[in-house]
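J.: Guided by the hints, dock chain B onto chain A, whose structure is given.
From first to last, the protein sequence lines are chains A and B. If you read the first sequence in this note's numbering, its first letter stands for residue 1, the second for the next number, and so on. If you read the second sequence in this note's numbering, its first letter stands for residue 1, the second for the next number, and so on.
No incorrect hints appear here.
Some but not every residue of chain A turned toward chain B, in silico, with C-beta under 7 Å: (1) Leu55; (2) Leu57; (3) Arg89; (4) Arg92; (5) Gly93; (6) Met98; (7) Glu102; (8) Ser105; (9) Ala106; (10) Leu107; (11) Asp108; (12) Val110; (13) Thr112; (14) Ala120; (15) Leu123; (16) Asp206.
No wet-lab data here; the hints were simulated from the structure. Glycine included, each C-beta is placed from N, C-alpha and C at the ideal position.
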Amino acid sequence: MSKLIEVQDVVLRFYTYEGVVKALEGVNLYLKKGETLGVVGETGCGKTMTGLSILSLIPPPGRIEGGKVLFQTGDKTLDLLSQDDATLRNVRGKDISMIFQEPSSALDPVYTVGDQIAEALLLHRKKELCERVLAQIERERGKKGKRELEKKVYKKMLKNPDALSLKVFSKIPIIGRYRRLKKEVRKEVVNILREMEMADPERVVDMYPHELSGGMQQRIVIGIALACNPTVLIADEPTTSLDVTVQAQILDLIRRLKKKFGSSVVYITHDMGVIAELCDRVAVMYAGSICEIAEVKELFRNPLHPYTKALLESIPRPGKEFRSISGMVPNLVNPPLGCRFHPRCLFAKLICTEERPKMKEVNKEHFVACHLYSRGT
Amino acid sequence: MNLKSRWNEFKASMSPKKKELKFILVRIKKSPLSIVGAAIIVFYIALAILAPVLAPPWPGRDPFMIPRKEYTFEPQPPSPEHIFGTAEGQYDIWYGCMWGTITAFRVGVVVVGISLTIGLLIGTAAGYYGGIIDELMMRLTDIFLAFPGLVLCMALVIAIPNKWTILELDPLKWTLVLSPLDKLLMALSLVGWPSYCRVIRGEVMRVKGEDYVQASKAAGCSDLRIMVKHILPNSIYPILIMASLDIGAVVLTAAALSFLGIGSPSGYADWGQLINLSRPWIEGSLKYWYTYTIPGIFIFTFVLGWNLLGDAFRDILDPMLRRR
Numbered sequence: 001m002s003k004l005i006e007v008q009d010v011v012l013r014f015y016t017y018e019g020v021v022k023a024l025e026g027v028n029l030y031l032k033k034g035e036t037l038g039v040v041g042e043t044g045c046g047k048t049m050t051g052l053s054i055l056s057l058i059p060p061p062g063r064i065e066g067g068k069v070l071f072q073t074g075d076k077t078l079d080l081l082s083q084d085d086a087t088l089r090n091v092r093g094k095d096i097s098m099i100f101q102e103p104s105s106a107l108d109p110v111y112t113v114g115d116q117i118a119e120a121l122l123l124h125r126k127k128e129l130c131e132r133v134l135a136q137i138e139r140e141r142g143k144k145g146k147r148e149l150e151k152k153v154y155k156k157m158l159k160n161p162d163a164l165s166l167k168v169f170s171k172i173p174i175i176g177r178y179r180r181l182k183k184e185v186r187k188e189v190v191n192i193l194r195e196m197e198m199a200d201p202e203r204v205v206d207m208y209p210h211e212l213s214g215g216m217q218q219r220i221v222i223g224i225a226l227a228c229n230p231t232v233l234i235a236d237e238p239t240t241s242l243d244v245t246v247q248a249q250i251l252d253l254i255r256r257l258k259k260k261f262g263s264s265v266v267y268i269t270h271d272m273g274v275i276a277e278l279c280d281r282v283a284v285m286y287a288g289s290i291c292e293i294a295e296v297k298e299l300f301r302n303p304l305h306p307y308t309k310a311l312l313e314s315i316p317r318p319g320k321e322f323r324s325i326s327g328m329v330p331n332l333v334n335p336p337l338g339c340r341f342h343p344r345c346l347f348a349k350l351i352c353t354e355e356r357p358k359m360k361e362v363n364k365e366h367f368v369a370c371h372l373y374s375r376g377t
Numbered sequence: 001m002n003l004k005s006r007w008n009e010f011k012a013s014m015s016p017k018k019k020e021l022k023f024i025l026v027r028i029k030k031s032p033l034s035i036v037g038a039a040i041i042v043f044y045i046a047l048a049i050l051a052p053v054l055a056p057p058w059p060g061r062d063p064f065m066i067p068r069k070e071y072t073f074e075p076q077p078p079s080p081e082h083i084f085g086t087a088e089g090q091y092d093i094w095y096g097c098m099w100g101t102i103t104a105f106r107v108g109v110v111v112v113g114i115s116l117t118i119g120l121l122i123g124t125a126a127g128y129y130g131g132i133i134d135e136l137m138m139r140l141t142d143i144f145l146a147f148p149g150l151v152l153c154m155a156l157v158i159a160i161p162n163k164w165t166i167l168e169l170d171p172l173k174w175t176l177v178l179s180p181l182d183k184l185l186m187a188l189s190l191v192g193w194p195s196y197c198r199v200i201r202g203e204v205m206r207v208k209g210e211d212y213v214q215a216s217k218a219a220g221c222s223d224l225r226i227m228v229k230h231i232l233p234n235s236i237y238p239i240l241i242m243a244s245l246d247i248g249a250v251v252l253t254a255a256a257l258s259f260l261g262i263g264s265p266s267g268y269a270d271w272g273q274l275i276n277l278s279r280p281w282i283e284g285s286l287k288y289w290y291t292y293t294i295p296g297i298f299i300f301t302f303v304l305g306w307n308l309l310g311d312a313f314r315d316i317l318d319p320m321l322r323r324r
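Chain A on its own, in the form it takes in the complex:
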């Protein structure tokens, strides 16, 4: 299968007062078409930053200092890190969109839910909606002169959706010519809400985010992300702030929508259970780099990297001793030399303190970066 997104050696630095935070150190990833890739790790490992750098949305004072993010659209390959703003804006939301962790703060409190979904729709799918309206006018019978006028307006909108005159006129209420687009947008928004399994979408459209519960808010956020049928969806811990029952519903929803729209998903989480539930492949991250990538079953059955083993052991299970990983994630201003996990690793050797391990394919599709497996080859 083809690689839809390929992250190559991305290096991310934050220039802060305390020093240079080496947030990402040569991250390599790829996402195949139609699959779900899970990214796991402790907090502060750079999971979110990996997601954001795919969209090149790194907040200042962060700077990407190397590497590429290759993205396949049609038959072209774009390096998202070297595109100009206009191209990126076109990719964001339309081809790649993101679900944020905290639904209550990812929604703008001053707009109704409908307005926020409509914004995403109008940013990327205005043309399609205009065409629909035009087709609708064609079908309709009525005064001919009036219809011609309306057709003219929408044709103009098709040609140049951002024309100033259209923007000004559409702001004046009760002008008939623009109602059709508004109606069409509203219809589409209600459709999206229905798709998100919202109860009573007609009413929810006019509600403000604070009137909704956390689970409903997260559905809206997912709705905004999926409004333009993106090919890639980056989900940054979408269920972390929800309770377990709602979590299960949201996971179901994501799985169903993924199947329906054929999107590929990058699922960022620290919950191994969710990974087992949802993902096809898993990338384990530690302190700014990836230490193991494998298919889900392979990883759970045969974890290779000591960190992955420790992570799997730290899942609380009844009847089994609960073991935590001793120590803390290192301060990324002065990360340990060599393998970044070596101070906490039970199997650390001399070479681990000196040399960074390289990514190595141990089994088929099972990569690991650890000195334990580099011997002999």
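T.: Chain B in isolation, oriented as in the chain A frame:
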């Protein structure tokens, strides 16, 4: 297709906004002081609208110049002809107070409007882009804020030239002649904008870090769209509160400057100007009380009204204080 169905649709689309407005009205009803404030301001608006009826100007003269029949020096007490009496030089105080209301609104609204606009533009840009733009803009506001406001105002009123040549092509010459009051307005706006700029910058910086701004970036919004559609609506409330409190304060400052003799010319319908005229008569007995007390009451209640209204706005609009 007809107008009625369109109107119904418009009403339906406005329903969430209507709900909010109703909530605000309920909040206003709950606090008596805000009703008092609103009543005072409504009263003054009525005065300003009715000024040509209550105090008819002499035909053919600038209505803002207070008419006078004689030139006697000593103020005259209230009489049927001059309800509030006359000030020094026989200026009618009633007339001055009525038309002074219009002047007060003009000063307050224009000055706050201009400083709000400048402050919003500069503050939003500085807060959003940060870096060198922010640094430059904030040092500029520092320069303005380093001077005492009243002193800077006085200096500016005197320094601003009367005549402005806008365009000079040989046959064409557009010039703008500023009246003393216009200069006062300009000076007050120039002194006023840095504080707005500061507040809006801080708010923008706070909102900029919110998740929904990041989310709208991820949805593909442009910088301008994010600023206008997402950041401003979320950061503008403190500024609106500040503006409504400021209208009173600006009128007070303008009155102070008029009292000092800078600002509106002698005989102009302006409360501060009327008090300036009564300056020699404050000393000694209370015989000439009407010359300074009546315009003083006007200034006092006007500023009080705006302050009460501003407090009410804060209670209603501040998202931290509402929803209880």
